[in-house]
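Assemble the whole structure, with the sequences as input and the hints as a guide.
Given next are the chains, with one letter for each unit.
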Amino acid sequence: MRLLTSRRDPAWLAVPGVLFLVFFFVWPMISMASQSLESRRGTFGNYQRAVDSSAVLHSLWVTLSLSLLSTAICIVLGYTYAYTAVRSRPWIAQLLLGIVVIPAAINLLARIFALQVVLQDQGILNRLLIDLGLISEPLQLIRTRFSIVLGMVSMLLPFLVFPLYATMRRISPELVLAAQSLGARPSAAFRRVFLPLSMPGLLAGALLVFVSSLGYYIVPQLLGNNGSDQFLGQYVAYYVNQGQAGFGAALGIVLLVLTVLTLALASRLVRLGDVLTASVAGRS
Amino acid sequence: MTPTRRRMVVGPLVCAVVTVVLVAPIVVAVILSFTAGNNLSFPPDGLSLRWYRAIFTSSVWTTRIPVSIQVGLSTALLATALGALCAVAITRGSFRGKGLVTALLMAPLVVPVVVLATGEFFVMSDGWTVGGFTFGGDLIGTRLGLTLAHTVLALPYPTLLIATALRQVDPDLELAAMSLGAGAFSRFRRIVLPLVAPSVLAGAMFAFLTSWDEVVMASFLSSGRVSTVPVQILNELQFALNPTAAAISSLLMLVAILLVTLLTVARRLVRLRQRRAFSSSSSSSSSSRPPTTLGPVLT
Amino acid sequence: MSFVELRGITKSYGSANVLDGIDLSIEEGEFVSLLGPSGCGKTTTLRIVAGFDRADAGSLEVAGERLDDVPAHKRNIGVVFQHYALFPHMTVSQNVAFGLRERKVGKREIVTRVQEALDTVQMGGVGQRMPAALSGGQQQRIALARALVIRPRVLLLDESLGALDKRLRTDMQVELRRIQREHGITTIFVTHDQEEALTLSDRIAVMDAGRILQFDTPAASYQTPSSPYVAAALGEANILTGRARATRAGEAELTGAADGTAPPVPFAHRSPLRDGAACTLVLRPQDVRVHPDDPGAGRWTGRIRFVSFAGSMSHLIVDAYGQQLKVQVPQDAEHAFELREGQQVGLSWASSRVHAIPGGVDAQDAEAIAAIDGGADDLDARGTVAADSGR
Numbered sequence: 001m002r003l004l005t006s007r008r009d010p011a012w013l014a015v016p017g018v019l020f021l022v023f024f025f026v027w028p029m030i031s032m033a034s035q036s037l038e039s040r041r042g043t044f045g046n047y048q049r050a051v052d053s054s055a056v057l058h059s060l061w062v063t064l065s066l067s068l069l070s071t072a073i074c075i076v077l078g079y080t081y082a083y084t085a086v087r088s089r090p091w092i093a094q095l096l097l098g099i100v101v102i103p104a105a106i107n108l109l110a111r112i113f114a115l116q117v118v119l120q121d122q123g124i125l126n127r128l129l130i131d132l133g134l135i136s137e138p139l140q141l142i143r144t145r146f147s148i149v150l151g152m153v154s155m156l157l158p159f160l161v162f163p164l165y166a167t168m169r170r171i172s173p174e175l176v177l178a179a180q181s182l183g184a185r186p187s188a189a190f191r192r193v194f195l196p197l198s199m200p201g202l203l204a205g206a207l208l209v210f211v212s213s214l215g216y217y218i219v220p221q222l223l224g225n226n227g228s229d230q231f232l233g234q235y236v237a238y239y240v241n242q243g244q245a246g247f248g249a250a251l252g253i254v255l256l257v258l259t260v261l262t263l264a265l266a267s268r269l270v271r272l273g274d275v276l277t278a279s280v281a282g283r284s
Numbered sequence: 001m002t003p004t005r006r007r008m009v010v011g012p013l014v015c016a017v018v019t020v021v022l023v024a025p026i027v028v029a030v031i032l033s034f035t036a037g038n039n040l041s042f043p044p045d046g047l048s049l050r051w052y053r054a055i056f057t058s059s060v061w062t063t064r065i066p067v068s069i070q071v072g073l074s075t076a077l078l079a080t081a082l083g084a085l086c087a088v089a090i091t092r093g094s095f096r097g098k099g100l101v102t103a104l105l106m107a108p109l110v111v112p113v114v115v116l117a118t119g120e121f122f123v124m125s126d127g128w129t130v131g132g133f134t135f136g137g138d139l140i141g142t143r144l145g146l147t148l149a150h151t152v153l154a155l156p157y158p159t160l161l162i163a164t165a166l167r168q169v170d171p172d173l174e175l176a177a178m179s180l181g182a183g184a185f186s187r188f189r190r191i192v193l194p195l196v197a198p199s200v201l202a203g204a205m206f207a208f209l210t211s212w213d214e215v216v217m218a219s220f221l222s223s224g225r226v227s228t229v230p231v232q233i234l235n236e237l238q239f240a241l242n243p244t245a246a247a248i249s250s251l252l253m254l255v256a257i258l259l260v261t262l263l264t265v266a267r268r269l270v271r272l273r274q275r276r277a278f279s280s281s282s283s284s285s286s287s288s289r290p291p292t293t294l295g296p297v298l299t
Numbered sequence: 001m002s003f004v005e006l007r008g009i010t011k012s013y014g015s016a017n018v019l020d021g022i023d024l025s026i027e028e029g030e031f032v033s034l035l036g037p038s039g040c041g042k043t044t045t046l047r048i049v050a051g052f053d054r055a056d057a058g059s060l061e062v063a064g065e066r067l068d069d070v071p072a073h074k075r076n077i078g079v080v081f082q083h084y085a086l087f088p089h090m091t092v093s094q095n096v097a098f099g100l101r102e103r104k105v106g107k108r109e110i111v112t113r114v115q116e117a118l119d120t121v122q123m124g125g126v127g128q129r130m131p132a133a134l135s136g137g138q139q140q141r142i143a144l145a146r147a148l149v150i151r152p153r154v155l156l157l158d159e160s161l162g163a164l165d166k167r168l169r170t171d172m173q174v175e176l177r178r179i180q181r182e183h184g185i186t187t188i189f190v191t192h193d194q195e196e197a198l199t200l201s202d203r204i205a206v207m208d209a210g211r212i213l214q215f216d217t218p219a220a221s222y223q224t225p226s227s228p229y230v231a232a233a234l235g236e237a238n239i240l241t242g243r244a245r246a247t248r249a250g251e252a253e254l255t256g257a258a259d260g261t262a263p264p265v266p267f268a269h270r271s272p273l274r275d276g277a278a279c280t281l282v283l284r285p286q287d288v289r290v291h292p293d294d295p296g297a298g299r300w301t302g303r304i305r306f307v308s309f310a311g312s313m314s315h316l317i318v319d320a321y322g323q324q325l326k327v328q329v330p331q332d333a334e335h336a337f338e339l340r341e342g343q344q345v346g347l348s349w350a351s352s353r354v355h356a357i358p359g360g361v362d363a364q365d366a367e368a369i370a371a372i373d374g375g376a377d378d379l380d381a382r383g384t385v386a387a388d389s390g391r
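Protein chains in written order, with our numbering: chain A, 1 to 284; chain B, 1 to 299; chain C, 1 to 391.
Among the clues, some could well be false.
Said to hold, decoys possible - Straight-line C-alpha distance at most 20 Å; calculated SDA-like pairs for lysine to any residue: (1) B:Lys98 / A:Ser187; (2) C:Lys74 / B:Ile65; (3) B:Lys98 / A:Phe194; (4) C:Lys74 / B:Phe188; (5) C:Lys74 / B:Ser186; (6) C:Lys104 / B:Pro171; (7) C:Lys74 / B:Phe56; (8) B:Lys98 / A:Ser88.
No wet-lab data here; the hints were simulated from the structure.
From a predicted model like this one, the values you see are computed outputs, not experimental measurements.
Okay, here's the thing in structure tokens:
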């Protein structure tokens with residue numbers, strides 16, 4: 001419904017925000033792109049170097065595979081978690097949501113620190129395993145792929161559970177009952193009615209988790225081995241800090257392109273608006 | 001029916017595992033922050049507040065905390081102001097680039113922070129170059145630089161929250177105010193503003209939290225003198241685990257939980273206002289306007 | 001010079017022509033209804049009078065003052081909305097006082113006038129409550145009080161009773177009329193409910209497709225509708241089309257009605273009719289007499305297709321010569337309870353009860369009328385009753 005507005009169209013109010021983003025968001029991206037094109041070996045020298053470098057390619061592999069793994073784990077755990085919550089009594093559902101929400105609100109570093117504490121050689125997990133007689137020597141739990149994935153799943157699970165739970169909540173329980181009244185076994189009713197209806201939320205959450213994990217820097221930096229298994233994000237920071245800004249920028253552009261490509265491909269399956277609202281909702 | 005019984009066990013089991021994985025580390029870390037000993041072995045050797053005291057006496061921490069607070073508050077202010085303006089423009093204005101502008105406003109949420117931080121680093125140290133003319137720059141290690149960079153990350157939150165709230169204000173309310181003699185400014189002040197105020201507050205809190213917790217961008221843009229709390233923690237965590245980090249982590253957790261509680265209260269207020277806005281239009285009748293969802297703002 | 005004068009008001013949204021030259025002259029203190037189905041332009045007309053929309057062409061005058069360029073908040077016209085639009089963050093008193101505060105009325109006077117307004121709508125004691133705590137009917141009264149307290153020159157109601165249930169609605173209609181009469185405020189009431197329009201109005205403007213078809217008192221519009229559409233819009237009507245043939249001075253008959261085989265229908269006519277000209281007759285269901293044991297007793301014969309017993313009367317649908325006639329039989333008629341589906345009956349009526357409209361029914365009108373036919377009171381209901389009765 002349009003109100004009778006005066007000549008001052010509120011559209012102009014967007015100008016400050018847009019200008020701000022142009023200077024502090026768009027320009028930095030462009031600046032990065034131009035930096036990436038400055039090298040001693042011609043315009044695409046940095047990119048050539050990236051392609052030639054086995055370390056970079058390995059990092060790309062690590063980034064993609066661990067992100068996919070984390071996303072898969074989040075999907076399995078997150079779907080079960082959300083589904084259990086949706087079918088529980090209200091106070092249990094609230095509790096379950098709280099368990100996922102409150103840690104998510106806590107500083108990333110604090111939580112990584114907490115994981116480090118638990119996973120270290122003298123940490124509680126190793127202690128427990130030794131005390132139970134399952135192992136005799138402490139396991140190398142930290143600075144491994146295991147700890148990276150564990151860290152990522154811990155941080156990203158809320159971002160999947162939230163939009164998924166919201167979507168599941170909106171599925172009327174009558175639909176599943178209707179399916180059963182028409183002769184479907186409970187598992188069939190779930191498979192043919194509930195599951196498809198929960199897909200949008202699941203896909204939106206999964207996309208958010210995957211895209212976020214691609215760009216991860218802190219988690220692999222603190223929980224990974226900083227040697228052979230590094231994420232692209234870590235390399236970006238490393239090379240920029242080492243004064244090889246061009247190369248670092250090029251890797252950053254690669255990461256950016258990877259992210260945009262993923263979103264573009266996924267936009268066929270998922271409404272991007274849902275993903276963004278999920279990320280805002282997941283924040284609390 | 002074994003499948004169902006299986007499902008009845010799997011569900012709670014998974015929930016238990018997830019709970020442990022998410023909550024146990026936090027609990028352990030908090031307990032260890034009170035350790036009297038010098039390391040982080042569990043169980044702690046006695047309890048004491050020495051590490052908390054260490055924070056407040058150490059000059060490193062006492063310089064970082066004010067910076068974090070200042071940057072956080074100014075980010076909240078800037079992001080909420082810009083966000084509110086944009087929200088009004090998106091919901092009330094009509095212009096052809098609306099989808100594009102909305103996408104631009106939301107883009108910082110999906111771009112990898114490392115990439116953005118690198119870009120900010122370049123722009124803040126070298127400035128903006130148009131043709132042969134350069135302006136700006138030299139913003140590394142300044143509160144202003146940190147604020148501006150954090151605002152980019154924080155902007156989507158108040159924008160989205162306020163836009164949603166604006167969409168849910170019954171347009172008839174403004175028409176009614178008009179018919180009763182209220183001009184544009186009066187309508188905004190007496191009708192629109194009170195109804196979206198909780199969302200404005202929530203947006204500001206989100207913005208503050210975003211800045212308060214942010215580490216990647218801050219680490220790129222800080223200097224030895226001007227740095228934030230998360231950056232300091234990052235430094236400490238890279239090299240050694242010590243109980244100071246545990247203590248400061250616990251404090252951060254406390255702040256976070258406090259703010260989350262405030263946010264929940266604000267959210268409840270919003271929902272209450274929404275329910276009033278709807279039920280004032282239809283409590284005894286069957287027809288009612290469907291509440292708009294967050295989706296339509298962006299799609 | 002009337003109090004509210006609309007001349008040639010035209011409005012389009014894009015390519016859709018919503019208002020096609022609206023002329024309306026409303027006297028001071030009059031209660032006028034704009035009656036029509038959704039999309040006929042009645043709400044748009046109201047919004048233009050209120051100042052929420054601007055007409056593309058035409059002029060609007062209230063009490064001699066041209067309002068076309070006056071913004072809505074300076075017009076002093078009270079509006080009651082369909083969903084009341086009470087400010088949810090203010091108490092009832094604050095809501096009612098809103099307009100007074102905008103006008104910078106003194107605090108003491110505000111208190112008195114607010115209480116007065118609430119008493120008028122019989123909501124004197126709820127000043128401190130929040131709108132959400134009130135029922136629909138109560139909120140409606142508050143909305144009315146809020147619009148009245150500013151002493152507007154004109155009061156506009158946009159389907160305001162539409163969200164209430166039947167009983168509440170009837171009560172509010174009585175209240176509304178009483179208050180309006182007491183205050184003598186010129187009122188424009190938009191509705192798609194013909195019964196409501198007939199009950200409340202001094203005059204009704206029947207609208208369709210952006211035009212006013214007839215603007216007359218309820219009785220005149222009902223008894224002498226100027227077009228088949230108006231006839232169908234107010235009350236139930238049987239529309240018979242055919243050609244006029246003069247029989248004697250002052251009398252004529254309609255030939256070729258229904259599927260063409262029907263016996264001619266005599267009617268009295270006031271205005272001159274050309275022999276052989278297309279003509280439409282309006283026959284009200286309650287004027288048709290049914291003779292169940294005597295098919296030959298009336299001018300026409302037919303077969304009962306549907307009987308519905310509704311307490312004080314029975315509604316029949318009778319197939320006659322390919323046309324379905326609506327008949328209303330009062331409970332105290334001798335044969336009232338013997339009527340059955342499938343029965344052959346005779347149909348008769350007094351020719352003085354037949355109303356003649358020159359001209360035929362064009363395709364668009366026929367469609368609109370068919371749509372109304374299903375919906376009884378509500379011009380918006382499209383054919384649901386028709387579907388039930390198997391038409």
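Status of each hint after checking the structure:
no.	hint	result
1	B:Lys98 / A:Ser187	violated, 44 Å
2	C:Lys74 / B:Ile65	violated, 54 Å
3	B:Lys98 / A:Phe194	violated, 35 Å
4	C:Lys74 / B:Phe188	holds, 17 Å
5	C:Lys74 / B:Ser186	holds, 13 Å
6	C:Lys104 / B:Pro171	violated, 25 Å
7	C:Lys74 / B:Phe56	violated, 61 Å
8	B:Lys98 / A:Ser88	violated, 41 Å
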